[in-house]
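Novice: Here is what each chain is made of, one letter per residue.
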Amino acid sequence: MRRPNLPTGRFPLVALCAGIGLLVCALANALARATLGPPTALYWLGLLILVVPIFYRLTSREASSGERFALVCLLGIGLYAVKVVHDVPQFTFLDELIHSYNAQQVVDQHGLFNDNPILEATPSYPGFSGATSALMSITGLSAYPAGVILVGMARLVLVASLFLLFLRVGGSARAAGLGVAIYTSNFNFIFWGAQYAYESLALPLLVLVMMVLAEREAGDANRLREWGVPVLLATGAIVVTHHLTSYALAGIVAALALAYWYVRRTWKAPNPWRFAAFAIALAVAWLVVVASSTLGYLTPVLGNAVEAIANTIAGESPPRGVFESSSSSIPPTPFPARAIALLALAALAAGLPFGLRELWRHDRKKPFAILFALGSLGFFGTLALRLTPPAWETGNRASEFLFIGLAFVLACATVAGLQRWGSRRLARPLAAASIALVVVGGAISGWPWDAQLAQPIRVAADGRAIVSPPLATAEWARDQVPGGRFAAGIADAGLLLSPGNKVAMAGTNPDIEDIIDGEKLEGWELPLLRDNNLRYVVADRRAVNDDTLRGYFFAYPGSPTAEREPKSVIAKFNGVRGAARIYTNGSITVFDLEAQP
Amino acid sequence: MRGHRDLRLATAAAIAGALLALLMPIEALSLLFAAPLAFFLPGYAIVAAVFVRKPLAAPQLLTLSIGLSLSVLALGALLLNYAPGGVRGFSWALLLVLVTVAASRGAALRRPAAGEQAALSLPRPSSSQAALYGAAALAATAALVLAFATLPAKEAIGFTEVWVQPYTADGGGVRVGVGSNEQQSTAYRLRVRVGREEVAAVRRFALRPGESRVLRLPLVASAGPRKVSAELFRARNPDRPYRRVTAWAAAPGAPE
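These protein sequence lines map, in sequence, to chains A and B. First residue of the first sequence: 609, per my numbering; consecutive thereafter. First residue of the second sequence: 8, per my numbering; consecutive thereafter.
Rather than coming from a laboratory, the hints here were simulated on the basis of the structure. Each hint should be verified, as a subset may be incorrect.
Taking lysine to any residue and the SDA-like style, the derived pairs with C-alpha atoms no more than 20 Å apart in a straight line are [to be verified]:
id : chain 1 : residue 1 : chain 2 : residue 2
1  : B       : Lys61     : A       : Arg831
2  : B       : Lys161    : A       : Gly1071
3  : B       : Lys61     : A       : Asn830
Facing chain A, a subset of chain B residues (Cβ under 10 Å, in silico) [stated by the list, open to error]:
id : residue
4  : Val59
5  : Ala109
6  : Pro159
7  : Ser187
Negatives, chain B to chain A, calculated, CB over 10 Å [unchecked claim]:
id : residue
8  : Val108
9  : Leu116
10 : Arg223
11 : Asn244
12 : Arg251
Quick caveat: nothing in here was measured; it's all calculated off a predicted structure. Just so you know, even glycine gets a beta-carbon here, dropped at the ideal spot from N, CA and C.
Could you build all of it, start to finish, from the sequences and the hints given here?
Specialist: Structure (structure tokens):
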């Protein structure tokens, strides 16, 4: 029996440091939830205690392959735990609320393809909510713990697959470990990419497919069929889970097939063109047959991005400022944090040419290496998209995929540097510190400064728990309103979906947003509510009612959640004939438009 | 599956795990048995069935086992959606057991009798390493406990919620609910009016933070629906309504 090469070395000590780092992060978040001033420095200290020992150990020459594998798993799970301790005891990102509603619907209706009133496309990709429903329906758990565990397992697959992929392509466990460490510096790794949402399952499966294709290429010629089974299974799972990831998978495998052809001038196996064709066919078939609403969801996002780029290039609209707040009440990112984020970006850019040179020297005949080189260049291309507000999301989404290539390229540069200057005393600490810099910089760039720490949503008072105004509204609707369809600001609507388990519409299509935010009712507004069968309207004086990051929490002095709109945003519904003001908590009031029998 | 200890173990664990997870009344205990069934065993069995000639190394085996289990979950939901009974706890457990057993059986048939088996085992830590692991687990547990703790937040601005709902049973009336999310105990006066003038009820009470009270107020029968308003006053400001809600009370006999 083969003896597995699993961790020993310094792993236990590094694990202890990771545990202590996590505890410090949890303490910082607890203090923030307790409104005891934002101890942001404490949070960053905790993050550094968690990651730096791992990075330092990964730079070493003597750690075994098994220990490095365990270290990257620890890193992935540790950083995921940082996100978890930020949010417990419930989901607080809008996508999480949308997807937990979908999962609850699957369990309640015993079937897939139910409606989602906020993001219509999501039920057409039921792989994620379906997977959550397995744990929910077998154990009776709610969507929150089931979802947290599911995403945790997916994160483990992400970092483990990435390590094995880099190991197989580069042939160096040291480069593979450092590559994963650098990948954690992508802007979305800590928060956005770890949220309970369909991409959090699909992206790890995509990396798994890439890893399997790399193993397939390196394995015996007579074992090619064996590796095909996991590719087909994971491809199917990705296609039913997330639209963009399925298109990214098709694109990546197609590009890989072309790279194979470019290097070897043959379409014969292990050229993966058959898998590319399978992924393309499956993604297109799913889009056409099952998920045609996705076109209506994605087309405006991509169309607006293209238009905005054209306008910015033509000088017709100004570029978006970096670290720009969407509201005057939201505190700006402090200068030192901006400096760190920009420095991190500069470090990534500075390492690129060295990494590309290493790739050219050693790996230019490897199809995966060509793909990674193109990805690393593409990442810097997506940074330009961040300069226009409508294109920002497109650039942000693309960066998670492209960063895989950049991480590999920079890992090659780092290992080359360590080999050259490794005998110097400062070489390894400097390398670990550089990776820590890009991780912290990426975290600052990827999430608003004021949202890095938790906010109070459920607090203790006189020995009991009290909840924030929007959560109280959602819990009242869940407990006291049978059935019912609600129109609300996007943050209120999110909580009405989960934990409220109500149908709640928000946003601009249909134009609920203007109805909620306006100071008086226009002639078209009540007919629109009736046409959409929206009996209940949630009027909200909080300026953050349409803020998907900050709209769920208690107000406290000086916070953006304390800012109020004029009374007329609520009072405008008082005069609606036959309506009743059936619920109020001061800032939020619910009207029943069909109250009069 | 004779001669293949890992496959026998996987099959037994899947069957026992499914039964115990479904029967266990406590969710956390149920999770202990459901997690391996959902996140490891189906993938492990598939890997065993596919890679028979040369077992995978532990990291590949672990990664593929979890990754393919996740794939089975994503695709399995689709399968169950069109199966009789739909997506339910029992059907999920059955599907995951079937995948594990079928793939294990396939692996046993394909695997050479005395062939190498995939293996996952961890090296035994020394006492000092065990102590470090224990301390790490303790720190992580403390972090989670701290994260789950509901802490006081003196700066958070408290509030009181009021709601009203009509009912038609037993002659009809309204239910008025008051819930305190204030930071301290608060005394209230609640006044319910029917129409513009008629005072149906006045109640005085105090609520501690997190407490709520629901008042059920029957109304005298009338010919048609009447507007009911409930006004809440705080004892410290008794003349100024703090909250006001309204409802239309249906005539008796109308459907609720």
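Novice: All hints are to be evaluated individually against the structure, with a verdict given for each.
Specialist: Right, here's what the structure says about each hint:
{"no.": "1", "hint": "B/Lys61 to A/Arg831", "in the structure": "holds (9 Å)"}
{"no.": "2", "hint": "B/Lys161 to A/Gly1071", "in the structure": "holds (13 Å)"}
{"no.": "3", "hint": "B/Lys61 to A/Asn830", "in the structure": "holds (12 Å)"}
{"no.": "4", "hint": "Val59", "in the structure": "holds (8 Å)"}
{"no.": "5", "hint": "Ala109", "in the structure": "violated (14 Å)"}
{"no.": "6", "hint": "Pro159", "in the structure": "holds (5 Å)"}
{"no.": "7", "hint": "Ser187", "in the structure": "holds (8 Å)"}
{"no.": "8", "hint": "Val108", "in the structure": "holds (17 Å)"}
{"no.": "9", "hint": "Leu116", "in the structure": "holds (15 Å)"}
{"no.": "10", "hint": "Arg223", "in the structure": "holds (13 Å)"}
{"no.": "11", "hint": "Asn244", "in the structure": "holds (14 Å)"}
{"no.": "12", "hint": "Arg251", "in the structure": "violated (7 Å)"}
When held up to the earlier numbered hints, the structure conflicts with 5 and 12 and fits the remainder.
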